[in-house]
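Taken in order, these protein sequences are the chains called P and Z. The numbering used here numbers the first residue of the first sequence as 24 and each following residue consecutively. The numbering used here numbers the first residue of the second sequence as 683 and each following residue consecutively.
Simulated from the structure, these hints should not be mistaken for laboratory data. This one's a predicted model, so the numbers in the text were calculated from it and none came from an experiment. Keep in mind that the hints are not guaranteed to be accurate.
[Unchecked claim] Partner residues are not named here, just some residues of chain P that face chain Z (Cβ under 7 Å, in silico):
(1) Gly66
(2) Tyr69
(3) Ala106
(4) Lys119
(5) Tyr120
(6) Phe122
(7) Gly123
(8) Thr124
[Claimed, not checked] Calculated cross-link-like contacts (lysine-lysine; reagent style DSS-like; alpha-carbon spacing at most 30 Å):
(9) Lys739/Z x Lys119/P
(10) Lys92/P x Lys700/Z
(11) Lys700/Z x Lys119/P
(12) Lys753/Z x Lys119/P
(13) Lys747/Z x Lys119/P
[Said to hold, decoys possible] Partial list, computed: chain Z residues near chain P (C-beta under 8 Å):
(14) Leu723
(15) Leu725
(16) Gln727
(17) Pro757
(18) Gly793
We put the beta carbon where it would ideally sit given N, CA and C, even for glycine.
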Amino acid sequence: DAKTTQPNSMESNEEEPVHLPCNHSTISGTDYIHWYRQLPSQGPEYVIHGLTSNVNNRMASLAIAEDRKSSTLILHRATLRDAAVYYCILSSGTYKYIFGTGTRLKVLA
Amino acid sequence: EAQVTQNPRYLITVTGKKLTVTCSQNMNHEYMSWYRQDPGLGLRQIYYSMNVEVTDKGDVPEGYKVSRKEKRNFPLILESPSPNQTSLYFCASSLYFRAGVGRDTQYFGPGTRLTVL
């Protein structure tokens, strides 16, 4: 199963952009890249996903490297409510999900 | 309101006493899944179900059972709980899942905190 590597933690100042990296060097051609986040004391929630092209939605942007071996989740203006654990996940080619340990984002006021 | 519900939210039990954690979704989703979350280990998938009567093991299925008799319900059964099953459990569902094609968004329940003494 393809796995992802993320930094354990990151910090950002409020109102500034945040770039959360994810490495997935063993990604296969049909694997989608998904991002979820988990706010304190809640279940994970979907953020964004993509295959090859960069993607934007109301929550964030996803930038995917040309070789697809890495991706970056971009929060354009971090707020205190964005403090969470962010998970980068690949579809495994089966019906499984592999979440990993994620990146804990701390937003400083 | 579209949601995934779990019951109970909190449970303290003793070793060996069979228990069931229920999960229900009202979105007519095909795919449902159970995860456990432990400090330092992140979220790990226990079992998943692609549709009614179709289930399969995730990464950590030992000590757990599931069934999918109806589309909306996906209970997690611990026949003989042990202390190493103390954890935070999440149920999730998505509209459908097509391996190799892409996945639909998963919706997670609020979690069940289980303590086995």
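Going down the list of hints, with the structure as the test:
no. : hint                : verdict
1   : Gly66               : holds, 3 Å
2   : Tyr69               : holds, 4 Å
3   : Ala106              : violated, 17 Å
4   : Lys119              : holds, 6 Å
5   : Tyr120              : holds, 5 Å
6   : Phe122              : holds, 4 Å
7   : Gly123              : holds, 5 Å
8   : Thr124              : holds, 4 Å
9   : Lys739/Z x Lys119/P : holds, 9 Å
10  : Lys92/P x Lys700/Z  : violated, 44 Å
11  : Lys700/Z x Lys119/P : holds, 27 Å
12  : Lys753/Z x Lys119/P : holds, 19 Å
13  : Lys747/Z x Lys119/P : holds, 17 Å
14  : Leu723              : holds, 7 Å
15  : Leu725              : holds, 4 Å
16  : Gln727              : holds, 5 Å
17  : Pro757              : violated, 17 Å
18  : Gly793              : holds, 6 Å
Checked against the numbered hints listed earlier, the structure breaks hints 3, 10, 17; every other hint is satisfied.
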